[in-house]
Amino acid sequence: MRPVAIGGIGKTVFGALYDRDLRSLAVEASRKAMEDAGVSTAQIEAFYLGNFAGPSFIGQNHLAPYIAADAGLAGVPATRFEAACASSGSAFFHAWTAVAAGVYETVLVCGVEKMTSQPTPKVTEILAAAGDTGGEVRAGATFPALFAMIAQRHMHEYGTTREHFASVAVKNHDHGFLNPYAHLRKRITLEQALAGKPVADPLTVFDCSLVSDGAAAVVLTTAERARDLAKPPVLVTGIAQTSDHVALDQKETITSFPAVCSAGAKAYRMAGLTPGDIEFAELHDCFTIAEIIAIEDLGFVNKGEGGPYSSSGATRIGGERPVNASGGLKSKGHPVGATGVAQLCDVAQQIRGEAGERQVARNHVGLAQNLGGSGATCVVAILNAA
Amino acid sequence: MKNGIVYTETVVHSAPEAYVKEAPYQIAIVTLEEGGRVTGRIRGERVKIDDPVEWVESVNGIHVFRKKA
Chain P
329 MRPVAIGGIG
339 KTVFGALYDR
349 DLRSLAVEAS
359 RKAMEDAGVS
369 TAQIEAFYLG
379 NFAGPSFIGQ
389 NHLAPYIAAD
399 AGLAGVPATR
409 FEAACASSGS
419 AFFHAWTAVA
429 AGVYETVLVC
439 GVEKMTSQPT
449 PKVTEILAAA
459 GDTGGEVRAG
469 ATFPALFAMI
479 AQRHMHEYGT
489 TREHFASVAV
499 KNHDHGFLNP
509 YAHLRKRITL
519 EQALAGKPVA
529 DPLTVFDCSL
539 VSDGAAAVVL
549 TTAERARDLA
559 KPPVLVTGIA
569 QTSDHVALDQ
579 KETITSFPAV
589 CSAGAKAYRM
599 AGLTPGDIEF
609 AELHDCFTIA
619 EIIAIEDLGF
629 VNKGEGGPYS
639 SSGATRIGGE
649 RPVNASGGLK
659 SKGHPVGATG
669 VAQLCDVAQQ
679 IRGEAGERQV
689 ARNHVGLAQN
699 LGGSGATCVV
709 AILNAA
Chain L
156 MKNGIVYTET
166 VVHSAPEAYV
176 KEAPYQIAIV
186 TLEEGGRVTG
196 RIRGERVKID
206 DPVEWVESVN
216 GIHVFRKKA
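Protein sequences, first through last, are from chains P and L.
For the first sequence, this note's numbering gives the first residue as 329, with consecutive numbering after it.
For the second sequence, this note's numbering gives the first residue as 156, with consecutive numbering after it.
This is chain L alone, in the form it adopts within the complex:
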């Protein structure tokens, strides 16, 4: 997994049972530099459409991205 650009995003306030304690959290669909798109979590600063992001890690199969400095 590499870097990419935010295709779209949202901040989830009303979470499913498993993630209630983590809400509000941001998720985004990221268009990857290597091609294709993936849905992941955003860590740290909130992002908006067209922001560049970098892949941080994968936690329990969830791709985590953060805003690229």
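One chain only, chain P, in its complex shape:
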């Protein structure tokens, strides 16, 4: 395997973008990434798309060539990857395998979702189909409900509190307030977060990520070629994709995700790093409890300490290990299929020192963690400054 690097990044703003369609968002992000890298469409050898539910949200299938051709890439292999909320993390992982193996020199990875074309109960139903539709979903579980049951168990086993959850929401809103590409640029107080409208007990609307439209893209190439591109290369030094049962009731424990633990362990091993070496991270805070569990599963703290650690301020910009300096899924927004690549764009932007007001001080080694469903897919990537 040869070293691989992110040579260019591109994002659309995230939000309820009622006047934008899925394809125009994906094309905008793709063009921005190619422009950022200084590569032409002729240099792109394959197009990898991450998208969760385009067919359900907008009734369009065969999305990869549908987007690629419009982005000026007609002719290259164009394939869509679906892994629930880890769809574009998975697309990135598979793009990485092809470049690392020597199949391609330079490829484009894009993630996109257009969610606001449907009313909330329909969105809830489409998202729930990432769970086990024959079991938990039939019984009435939504995604907030699955993570609510995880939260209840975490509170029961470790004494985690609703205040711990709320501190994650307050922090991510504070970070997102500084991000011009974020969906909800609004600060909230701990009291507001605790008094939010209940969605699935104990989670309120402030514990849940947003229903957003948006796209993100990266140009992935060899470390060697990346040196000659327009922007400083960001090396992919560790990466892994893992899987587990889809149904929550099939897992031995639900306060930890084996797929996250093993993806983290594999990525650390590949990079020759330990959790203590990670200076900052973008973690999959689809719900506040998910960020707390990710901090634990990735070894930033011991099991059960994720809540107090979050409340301590350690994960704020300026803290010992900033988490979700972008605002996370909670404030930046969560266009499901775009999230994995968007996290990588955010980490790369930090490493390049281009994050403006949200810039973290220690920015040489960053980690991105993208979770699919209630832990059935996980992609962890470690990025380093060259």
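Worth flagging that the hints you see were computed from the coordinates, not collected in a lab.
All values derive from a computational prediction rather than experimental measurement.
Treat the hints loosely; a few may be bogus.
Computed spacing ranges between beta-carbons, pair by pair [claimed, not checked]: (1) L/E188 to P/G462: 17 to 25 Å; (2) L/A178 to P/L518: 23 to 31 Å; (3) L/V214 to P/A402: 48 to 56 Å.
Even glycine gets a Cβ: it sits at the ideal position worked out from N, Cα and C.
Given chain P, put chain L in place with the hints provided.
Positioned in the frame of chain P, the structure of chain L alone reads:
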């Protein structure tokens, strides 16, 4: 299906399209006496973690439990 113990639970307020009229409703993952876990609906009194529950019936493939007296 037999009796079991509540492993975890939640009350769903924001329901998917098919169940909007039933909200709020409680669901739980139940650790069964016979082994294994299943996700079902709770009928009647609300339950919490470690409460014993008994299986009542299966409606359209949904297991319904209630708190054991």
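We went through each hint and held it up to the structure:
A C-beta distance of roughly 23 Å is found between L/E188 and P/G462, which places it inside the suggested range of 17 to 25 Å. In this structure, L/A178 and P/L518 meet the distance hint of 23 to 31 Å, their C-beta atoms being roughly 27 Å apart. Distance hint check for L/V214 and P/A402: the Cβ-Cβ separation is about 51 Å, which falls inside the suggested range of 48 to 56 Å.
Violated hints: none; the structure is consistent with every hint.
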